[in-house]
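Listed below are the residues making up each chain.
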Amino acid sequence: MNPVYYLYLAALLFTIGAAGVLIRRNAIVVFMCIELMLNACNLAFVTFSRMHGNLDGQIIAFFTMVVAAAEVVVGLAIIVSIFRTRHTASVDDASLMKL
Amino acid sequence: MTALAAASSLTSTGEAVQFWILGTVAVAGALCTILMRRAVHSALSLAGTMIVLAVFYLANGAYFLGVVQIVVYTGAIMMLFLFVVMLVGVTAADSLKETLKGQRWLAAGLGIGFGVLLIAGIGNASLKEFNGLGEANAGGNVQGLAALIFTKYVFAFEITGALLITAAVGAMVLTHRERTERARTQREQSEARVREGKQVPPLPAPGVYARHNAVDIPGLLPDGTTAELSVSPTLRERGQVRDVSGESLAELKALERRSEDWLGRSTGDEAAEPPPGGPAPREHKEGAKK
Amino acid sequence: MENLIALLVAAPLVGAALLLCGGKRLDRTGHLIGTLFSVASFALGVVLFADMLGKGAGDRALHQQLFTWIPVGGFRADIAFQLDQLSMTFVLLITGVGSLIHIYSIGYMEHDERRRRFFGYLNLFLAAMLLLVLADNYLLLYAGWEGVGLASYLLIGFWQHKPSAATAAKKAFLVNRVGDMGLSIAIMLMFTTFGTFAFGPVFAATDRAGQGTLTALGLLLLLGACGKSAQVPLQSWLGDAMEGPTPVSALIHAATMVTAGVYLITRSGAIFNAAPTAQLAVVVVGAVTLLFGAIVGCAKDDIKKALAGSTMSQIGYMILAAGLGPIGYAFAIMHLVTHGFFKAGLFLGAGSVMHGMNDEVDMRRYGGLRKYMPVTFITFGLGYLAIIGFPGLSGFFSKDKIIEAAFARGGTEGWILGGAALLGAAITAFYMTRVMLMTFFGEKRWDPAEVHPHESPKVMTLPMIVLAFGSVFAGGLFSINEAFVKWLEPVTSFAHGHSPVSATTVTAATMVVLVIGVGIAWGMYGRKPVPALAPRGSLLTRAARRDLLQDDFNHVVFVRGGQELTGTLVQLDRSVVDGAVNGTAAAMGGLSGLLRQLQTGFVRSYAVQMLGGAAVLVAATLLMRGV
Amino acid sequence: MSFPLLTVVAAVPAAGAVATAALPAARRTAAKWLALLVSVVTFALALVVAFRFDPGSKSPYQFTESHAWISDFGVRYALGVDGIAVALIALTTLLIPFIILAGWHDADPLEEAAPNRRWRPTQGFFALILAVEAMVVISFEATDVFVFYLFFEAMLIPMYFLIGGFGDRAGGEDEDGAARRRSNAAVKFLLYNLAGGLIMLAAVIGLYAVTADQLGSGTFSLQQIVEARAAGRLHIGTGTERLLFLGFFFAFAVKAPLWPLHTWLPGAMGESTSPVAVLITAVVDKVGTFAMLRFCLQLFPEASSWATPVILVLALISVLYGALLAVAQRDIKRLIAYASISHFGFIILGIFAMTSQGQGGATLYMVNHGISTAALMLVAGFLISRRGSRLIADYGGVQKVAPILAGTFLIGGLATLSLPGLAPFVSEFLVLVGTFSRYPVIGIIATLGIVLAALYVLVLYQRTMTGPVKPQVSGLPDLRVRELVVVAPLIALLLFLGVYPKPLTDLVNPAVDHTLSVVDKKDPKPTVQVDAVPGGGRHGHAVREQDVEAAK
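These protein sequence lines map, in sequence, to chains S, L, A and X.
Counting from 1, position 16 in the first sequence corresponds to residue 16 in the working numbering; the numbering is continuous, with no gaps.
Counting from 1, position 89 in the second sequence corresponds to residue 89 in the working numbering; the numbering is continuous, with no gaps.
Counting from 1, position 373 in the third sequence corresponds to residue 373 in the working numbering; the numbering is continuous, with no gaps.
Counting from 1, position 50 in the fourth sequence corresponds to residue 50 in the working numbering; the numbering is continuous, with no gaps.
Next comes chain S alone, as it looks inside the complex:
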């Protein structure tokens, strides 16, 4: 079997994640979808590193994870504080960008 299939899988997951971001209104779920996309990227990286036979891909994936962790921490903190003030986790209610 050709490891390219991993890439196809990654693409599929990424797309699903993107669609989720667009569809869901619950901020937490949106975050999950983002995580999904990041993971899809990681899978692609890992696959590439295997195909090219060096570990750089894995390194990048590793960094991605770290950054993702940081992003999740901050993001969830934001969600919590928003929920505290507005008693909701829906991204649609936070349309303050348009004034």
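Keep in mind the hints are simulated off the structure, nothing from the lab.
Glycine included, each C-beta is placed from N, C-alpha and C at the ideal position.
It cannot be assumed that every hint is accurate.
Sample of chain S residues at the chain L side, in silico, Cβ under 7 Å [what the hints assert, rightly or not]:
#1 Ile34
#2 Val66
#3 Ala77
The following label-pair restraints were derived from C-beta to C-beta distances [stated by the list, open to error]:
#4 L:Leu164 with A:Tyr606: 51 to 57 Å
#5 A:Tyr606 with X:Gly388: 34 to 40 Å
#6 A:Ser592 with X:Arg181: 22 to 28 Å
#7 X:His105 with A:Asn3: 48 to 54 Å
#8 A:Glu564 with X:Leu191: 29 to 35 Å
Calculated cross-link-like contacts (lysine-lysine; reagent style BS3-like; alpha-carbon spacing at most 25 Å) [as the list claims (entries may be wrong)]:
#9 A:Lys162 with X:Lys400
#10 X:Lys470 with X:Lys58
#11 A:Lys162 with X:Lys521
#12 A:Lys444 with A:Lys528
Fit chains L, A and X to the supplied structure of chain S, relying on the hints for placement.
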């Protein structure tokens, strides 16, 4: 273990089988993630997908990453998610009804188009070369990564460290709420209550008799209806209040009937054995005598 | 000698400059200065004339080159003068009559506070007119041509506080400009055809130019002549031009400027001779105008307007003659000179009458004035006899020759033209007699209480007397063994026309029509009293009073049409041209408004846009890879 | 490197502008005198240039300066003048002192305006005028397309403030309405010219790209490009050249302004004070026509001849259109503005007739139109400032009360209708001849313009100056000394150049020939060969023989 064996070498049929099975699972999990109405379910299915991905990492020879994936992601991050979900309301199901006009169609169209583009790109990319990680992992995968991280990517590594710290601090800043004025003492609070004239005595406790003491069951008023005040407002907001007034009334009736049988008011033969729960009624009877 | 030519032009120019820039301190002496410079110019002319007479007929032409005016590429216009017999004739006429009228104006304008300015304008006119006749190339001639236009504009509108005067001046200038357009296009055509527009080379090269070009040139020059000489169809301005002070009417609109067209055609003889079609057009215009003017002259009660009509018709004679080619040029010029004398005399007489009658111009308020202003009566009468061609007086010789030449053109054209000329002579006799009778004979139709007719002062009558002499004897002198023709022959060339009817017959016919015309006029205005108010009159009369509806036509077609056109254009400029611009601006605003709609503020719609952008990027990369 | 004369000519007014602007609020009169002094000095320097300029020299440009500026893009600070530029620089520097004199009191703060230490309108007014002068001069001198573009655009900034900031107080009753109309006019002016400028910028970059592509190193130098083209090292593709040409021409046509792009001019000239209006039409707009002559034709010869028919038709339209609209105007200044549009039509006609008469005439026309319009517009400004109204209908019989004013006005008008003896006649006739010799029909139609010109000028004069004296007009004073000082020299110049334009033509002819040689066009030869030299006398005989044989 087959995956571990197959990773370093060319892909084996075993890996193919594994890929097709687990890949299906992963996709299913992803779909559930975005389609489940309750956040908890989404989180769980995402966790499933991630574990599958961990396996794939292992299968691709990224042992370290595989483990990290399981430990950090499914372990830490997903738990974090779950915490927040609990905080926000575990059973709160957000409706899937779309509010933005055409958003869903746009999303579907764009998503499909984007996916098709990606897949077309991959399909057209000339990815013929395939040399496994044999020699790269020769000195051990972790050692290899470590060598790279601390030589080639050391600066990036340091910066990510800084990033993590910043994130942690940021999270604290965001969530921690500074108390600006002195906390009101109990006396002041009570005085305030009296002044406002609302609910001077303590709130009624939840639960009925000793049989229910769950916080989500309201206490019953003398007429048997539920006392809204006896459950916490959060639960009320989430609509997670269990109303048990109906069944408790039914039980009350049954109890009265039994006690009357026992007193033989209706057609009671004296020679009847007292039920195991004897003493209590007896006391009750004495109480009635006085 | 030739260095004096420039002085001819310079003298009045200096005078004009002095008077117009001199300011108030010259108010008292202004008229004298002006007259002085004009007389000086006349004296110069006489000197040059004497010198010219001293030479042989062949080499009388003098030439003076001052400097190059416009040198650009192959285009070279010089400030250069040429004084030959033709120019000489004009110089003497212009400066002579001009000086006389200066003198006359001293008296006529005595009470006008802007007299200095008036004399300045008169000098300016003299300078421009002399430039016109002395130029040796068409561009310089054009300069003089427009210069006299300007002077006439200023002088017609001299009494600017009268709106009628201002309007008349504007009209005169505009109609002239139409003619000038023809002249300027003719110059351009000359330049493109011959590479030059100096008289000599152009005339020398006419035989090498195509027939079409020459015809075009001829017609364009004719257009110019029509404008300046008030020929049909551009004659409408002359009648209104009578708004100007009478000396102006005498000098510019009778004696000199209006005859510039005749000069132009005669000067361009070489071109016309080579272009028969153009010549035909010229004679037609001439014939039509001489009848047109005569008819208009019959109906006018305003004495000056009647005389204006007659001027038009007399110039028609000249144009007709000039159109006949070498058989006519000399007579055209001759009639021009004699006409200069008697018409100027008539106008000055009219002016003197008005002077005595509180500027009353309606002949129906005159009558029986011969006892009150005898000198005016006599001079005017002599001018009258001259113009109707009374035997022995100037008009007789010149006009008779023209009629003869008209017949001499031969063929049907000859008969038609000759007939027209004869008819014109009859009508001339009629309307001039009418003017004469209504003004000086019959019973008074004015109120003795407010009007006190009196003879004009010497300074005014003197020029009239001189002009009267001219109008009596000039023709005769010129005709002594064809002195005038011989004099002009080197320039204009001369060929004897072979008339189908003998000269005596023509003369006899002229006499007959003359008597008829006078008779009818006497019958209408001499025997029965003239009504003080104009009778309604026949359709023709009413039409003639309105200049045969020329002005109405112009008004409807050009004025109205023009107003319509400009009005619509203004709308168009505002709505369409500018509207397009503003529309673009508005469209931009609307577009940005639409784009604003994308900014919903919902994170997810931004996310959609992001994904779209990402898709576009991926697609772009794939395309770049040539997928 | 010799003395940088050209830079100095541009630098003096620039420095003057800064100095004037720096004067404190109280020193208004000092600012005026300083500005006047600077402009006069500039004029003197321009005269030095004009007299040291050698029309006979071989090189197309003289007093050249060239310093590397932005070497990465091959931009050089390159200056140089040919005869045309010298003439126009002389015109500009000549007019500025008169403009300053005429606008002596235009920028005085209103009486009721409270004394304010930072409010210095007067200083600003004259500083802006000097700034415009500096920019105009340097864009006449620039031989580097980029440098030219820079100042061509920068000019808009001071002009914008001059138009929008200082209105003539003829608005009278509604000061707010006047201010609104002013700012509208200013914005319109700015947007129009910016649009043109941006399109030109694209073309400039395109030019750089082409040169960089073909010459190895990209350049903006006009001379280099022309030489490379002549040497055959530079071949701009037909399509590219046409696009670039259109890009340049559009900007210049907006500035000029050519027919469909003219609508900013009447507003700008009508709302601004008459000195500023003169600045617009007599100085700034000339940059447009000048640039057509120097850049459009020389950079893109083929494209120019390709576009010629359309441009000629547009120019013809603006000749007649402007004249007709001028006839219908009720506002004196707008009337003059439309007359200018008509005249610019003539100029463009002459430029694209591609004959030495046409282009020489066009160049003369630029100068003469500048002078004549300045005379007419300034006198009109004096009149308007007296009566406080721009409407023709508010006047009548001025000639009676202010004869000198009326006289100067009439002379200005006669110059506008190009009466022989006044300068504009020479140029207009040259343009017409030049056009006629190549395109007879267009020439003939354009000649209609002279009739229409007579119409609008005389109608204006009749309605304002003649007729019975209107009561509001009866008190008007005649021209003051300052105003006479402004008008008299202009009129004298009109007369002089009308009778003896040779100095100007000598200056211009070689430059025009050079341009034509670059465009590779020859004057059409006369169809009939004439042996005799012009002005040769003794042609009486020739005529006689002719006539005699014709008569037989």
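Which of the numbered hints are not met once you compare them with the structure shown?
Numbers 1, 4, 5, 10 and 11, in rising order.
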